[in-house]
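Number of protein chains: 4
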Amino acid sequence: MVHRPNPTDRRDPRTGVLLLQCPDAPGIVAAVAGFIADHGGNIVDAQQHTDRSSNQFFQRLVIELDNLDVAAEDLATAFGPVADDLNMSVEFHESDRPLRVAILTSRQEHCLVDLLHRYRAGELPMEPVLVASNHPDAAELTSWFEVPFHHLPIGDAGRSIQEAQLEEHLVAADTDLVVLARYMQVLSPEFCERWAGRCINIHHSFLPAFAGSDPYRQAHARGVKVIGATAHYVTAELDAGPIIAQGVGRVSHRDTVEDFVRRGRELEVAVLASAVAAHLEHRVIIAGDRTIVFS
Amino acid sequence: MVHRPNPTDRRDPRTGVLLLQCPDAPGIVAAVAGFIADHGGNIVDAQQHTDRSSNQFFQRLVIELDNLDVAAEDLATAFGPVADDLNMSVEFHESDRPLRVAILTSRQEHCLVDLLHRYRAGELPMEPVLVASNHPDAAELTSWFEVPFHHLPIGDAGRSIQEAQLEEHLVAADTDLVVLARYMQVLSPEFCERWAGRCINIHHSFLPAFAGSDPYRQAHARGVKVIGATAHYVTAELDAGPIIAQGVGRVSHRDTVEDFVRRGRELEVAVLASAVAAHLEHRVIIAGDRTIVFS
Amino acid sequence: MVHRPNPTDRRDPRTGVLLLQCPDAPGIVAAVAGFIADHGGNIVDAQQHTDRSSNQFFQRLVIELDNLDVAAEDLATAFGPVADDLNMSVEFHESDRPLRVAILTSRQEHCLVDLLHRYRAGELPMEPVLVASNHPDAAELTSWFEVPFHHLPIGDAGRSIQEAQLEEHLVAADTDLVVLARYMQVLSPEFCERWAGRCINIHHSFLPAFAGSDPYRQAHARGVKVIGATAHYVTAELDAGPIIAQGVGRVSHRDTVEDFVRRGRELEVAVLASAVAAHLEHRVIIAGDRTIVFS
Amino acid sequence: MVHRPNPTDRRDPRTGVLLLQCPDAPGIVAAVAGFIADHGGNIVDAQQHTDRSSNQFFQRLVIELDNLDVAAEDLATAFGPVADDLNMSVEFHESDRPLRVAILTSRQEHCLVDLLHRYRAGELPMEPVLVASNHPDAAELTSWFEVPFHHLPIGDAGRSIQEAQLEEHLVAADTDLVVLARYMQVLSPEFCERWAGRCINIHHSFLPAFAGSDPYRQAHARGVKVIGATAHYVTAELDAGPIIAQGVGRVSHRDTVEDFVRRGRELEVAVLASAVAAHLEHRVIIAGDRTIVFS
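Protein chains in written order, with numbering that gives the first Met the number 0: chain Z, 0 to 294; chain A, 0 to 294; chain H, 0 to 294; chain V, 0 to 294.
Since the hints were derived computationally from the structure, they do not count as laboratory data. Keep in mind that a hint or two might mislead.
Taking CB as the label site, the calculated pair distances span [claimed, not checked]: (1) Z:ASP155 to H:ASP136: 43 to 51 Å; (2) Z:ILE285 to H:ALA195: 50 to 58 Å; (3) V:ALA120 to H:ASN54: 49 to 57 Å.
Stretch-level coverage of chain A by chain V, calculated; a stretch enters the list once three of its residues show a Cβ under 8 Å from a Cβ in chain V [unchecked claim]: (4) 116 to 125; (5) 248 to 262.
Covered stretches of chain V, going by a simulated chain A footprint (3 or more residues, C-beta under 8 Å) [as the list claims (entries may be wrong)]: (6) 115 to 129; (7) 250 to 262.
All residues carry an ideal CB built from backbone N, CA and C; glycine is no exception.
Please model the entire structure based on the sequences and the hints provided.
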């Protein structure tokens with residue numbers, strides 16, 4: 000029996016996260032903080048950012064819920080009038096409700112292994128609801144973690160049938176977030192549209208350098224001295240979605256393409272874990288083609 | 000004639016920085032934000048931190064001053080009652096009043112050169128009021144930047160006389176910040192006390208490893224694979240003050256002590272510049288033996 | 000059934016590694032290269048280093064064995080006269096004979112997991128012969144990798160009895176290398192002596208800062224901005240053996256001791272894997288208190 | 000009077016550097032080492048690399064010249080028969096003959112300042128023979144270092160006339176290496192051809208991402224989390240020459256384009272200095288579109 004962590008027992012008082020976005024204007028911070036204080040909430044952490052070029056304001060607030068005089072599920076509604084005045088879009092997440100995560104993979108297991116071990120060690124506040132792959136290889140590993148595994152080969156019926164099966168599983172499992180952990184299939188524009196902002200991919204290069212396939216071979220041919228990995232939200236345009244995290248590592252003339260691949264694995268694992276953690280902890284706001292990632 | 004930048008023309012609207020520190024309690028953010036909104040101020044940036052172990056709250060606010068209904072110099076007074084209620088210590092700095100900086104050095108010029116060139120390039124919002132050294136070497140360089148230079152040898156009269164002369168110069172120049180840019184003299188506990196929180200040193204090791212003298216030799220003898228540099232506020236206890244910034248770089252068995260020294264210079268330059276910039280931009284709050292450095 | 004990689008199928012022609020160390024003198028490179036050429040060997044890779052302070056010469060040679068006119072097992076003997084002339088110490092390893100590795104651990108599994116998964120992915124040319132722990136926790140994980148597990152609690156009989164049991168297992172398994180993968184027991188000076196140069200530990204700090212126990216707590220109290228991990232050969236003096244690899248990562252005032260621990264795990268995993276790989280690939284020569292690590 | 004270092008007094012015995020390149024074959028190392036030993040030379044350092052894909056062998060040897068029985072200037076000739084047998088291309092450099100370096104710049108001075116200060120501090124074994132710019136700004140700074148300055152505006156006569164003037168100066172000064180220290184003019188394919196392997200540029204991005212103009216603006220628009228700088232040999236194809244060194248630094252959503260520019264300056268300075276040092280110390284061999292950079 001695998002020990003399954005309770006991701007909610009990491010922080011003591013019950014808290015919620017507010018993610019806010021609106022045009023910048025004087026008094027926003029006071030209006031929001033005043034609302035929360037008026038309802039008995041305590042702001043445990045607040046981070047904000049104003050993008051001067053678009054004149055857009057972004058804020059992440061962590062609020063203690065225990066003394067709040069409105070129920071957590073009613074907070075967004077109660078906040079409505081304040082938000083409307085400021086033309087503000089609002090997201091609210093209760094910290095003790097971990098996101099439900101589906102992990103897609105193909106043959107290479109390193110990212111999958113890492114995410115599941117971090118989950119098991121209590122590092123990632125998520126509920127892994129399924130692992131799906133177009134290859135059967137990861138079945139045994141996944142079952143050891145007691146997570147359902149679905150083998151979804153492309154087969155004769157073709158890619159669109161397989162994608163439909165996949166999406167059925169995602170919906171049935173009430174999936175909040177899809178993680179492409181070296182899933183080597185291109186997803187349809189429609190799928191990308193439906194899961195916009197809820198689907199994270201790890202690309203094995205320092206995007207936008209070496210987009211597309213076989214980036215390590217491209218990088219080796221170009222003679223780079225630094226390789227990278229990029230985690231980004233998936234959009235219909237391949238490898239072009241908003242970047243969440245990037246990592247880099249030094250290479251030299253001594254390294255072959257195979258060495259690039261091996262060293263790249265460590266980057267991919269670290270960068271994907273970092274991006275997934277940021278999303279799970281509600282620290283990311285998407286702003287057009289870019290992301291705000293609060294620390 | 001050297002071009003002297005106007006450090007105030009970097010950001011358009013006049014702003015001020017509030018640095019706040021108090022015991023944590025519900026409603027702090029709302030109280031502060033409410034005060035500023037009530038007086039017509041706009042919060043351009045806000046960062047906060049709560050230290051759970053000491054239950055202390057820290058905040059840095061950048062405020063647009065132009066529509067404020069109190070004069071900038073009266074802001075702290077007007078804020079007094081709010082601060083008293085919260086048992087809050089308050090610092091306020093107008094962004095268009097650059098700090099007056101004295102740089103102390105000895106024989107090695109790399110940190111001095113870097114600070115003066117960054118100043119000249121408009122990167123550091125400071126007014127260099129003097130350079131002092133126990134050696135004459137830097138006189139020519141300093142004069143090229145049109146900054147007054149004082150040669151203060153230790154001499155027969157001894158260290159305490161020299162330190163008194165130095166402090167006279169610092170006071171006469173109305174110095175806000177003293178930067179020890181590889182100044183190889185130990186300052187008296189009394190001096191350190193008087194300039195507490197206003198004197199930054201660069202130590203050429205990854206403190207607390209290799210405190211004291213000749214750290215690169217110590218590091219080489221120990222066979223480390225990474226060297227470092229540490230910028231910290233000076234306290235009476237040598238090399239033990241609150242750390243502001245640290246940098247590290249890889250070394251190998253191929254590197255001699257001299258190589259450590261040479262590569263260390265780059266670290267020292269970068270780390271000192273980063274720490275000085277943080278102080279000049281009022282991004283640092285000292286909390287006991289540690290620092291909060293807002294980004 | 001777990002897939003067990005054949006660590007020898009990574010490089011095509013059969014090769015061997017010569018590690019040489021002797022007082023520096025003219026003609027060493029020619030003497031060694033001449034010997035190998037005379038016997039039909041081809042030098043695939045050569046790296047050398049001369050330490051000027053000790054006037055000591057170090058060399059690592061990779062030699063193709065297939066056309067050699069002496070058997071691999073007789074090479075060291077054949078080389079004897081050359082080595083004697085130069086007062087040279089010689090190690091020879093055939094690349095297709097992976098080292099037999101024992102991994103010791105306690106409660107924390109992250110380093111163990113990483114080493115076993117890298118082995119499984121074919122990244123580490125080793126034969127894992129046993130895992131031993133003073134706690135039973137890792138039994139299930141280890142068995143999944145089909146590696147023998149020994150639970151060796153300290154118990155009433157005490158530390159020295161347990162260490163004797165441990166060493167019996169190591170000897171019985173014909174162990175070449177012992178890896179302390181967060182093994183939280185201090186080993187006796189006698190054990191350290193017997194396994195000198197064949198026992199690698201991961202310390203969770205940037206040694207020599209924060210030697211001893213609870214380094215992350217020490218680092219947090221000191222307010223450092225960078226944390227580290229250090230892999231070193233074990234010697235009788237605790238945390239003072241020759242350093243093989245070090246890694247570092249940035250932290251800030253936002254990070255608690257628990258965050259240091261969590262982020263430190265990634266450093267420990269990466270640094271230990273890097274040091275173990277260097278040892279397994281015969282890229283390390285110990286030179287007094289320091290190491291030569293060829294790339 | 001500026002102190003002018005003697006770049007030759009850094010290493011005690013007179014040495015020379017051999018850079019060799021040939022098709023891989025058994026016995027190369029022995030043939031070369033034998034030749035040197037036969038002539039009384041001592042190999043102080045040797046590094047080699049075999050590129051498996053092209054089956055090409057590369058070696059850098061540092062040789063003590065004092066006991067050599069042929070004059071340094073005759074070494075290449077004496078070595079001729081060995082080189083011919085192996086189809087080997089050979090470069091030989093005496094360490095006490097520093098390369099003659101011309102630095103080209105435009106308005107931004109940070110790279111120029113850094114190179115000249117490193118030269119003055121004795122870190123770069125070079126003879127700066129001239130600084131040229133299409134703007135007059137750097138004249139004063141350059142003259143302080145007592146290096147000739149040429150203001151070569153593009154003017155009405157146009158780019159090709161200016162380039163001809165520039166090249167006249169380079170040739171008159173017997174220039175070994177041209178460093179483009181943020182020189183913002185495109186050089187003609189013919190110029191690039193003539194100075195192939197002797198002209199180093201610093202590009203302010205992580206090539207091949209963001210080739211062309213205004214890379215920091217491109218990088219900001221793409222929302223990257225890491226920025227970079229690349230030093231490369233100049234070829235007729237813009238920003239596509241063999242990469243010598245790359246550096247990277249983290250950025251976040253808080254950073255504006257101007258912050259990218261400011262932080263990028265530090266990367267540019269460090270990366271260019273590293274690449275120039277590698278070239279001056281004869282540690283680089285160009286292999287097609289890539290470089291071998293020995294450490």
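Results for each hint:
no. : hint                             : verdict
1   : Z:ASP155 to H:ASP136: 43 to 51 Å : 46 Å, holds
2   : Z:ILE285 to H:ALA195: 50 to 58 Å : 55 Å, holds
3   : V:ALA120 to H:ASN54: 49 to 57 Å  : 29 Å, violated
4   : 116 to 125                       : holds (count 3)
5   : 248 to 262                       : holds (count 3)
6   : 115 to 129                       : holds (count 3)
7   : 250 to 262                       : holds (count 3)
In this structure, the one hint that does not hold is number 3.
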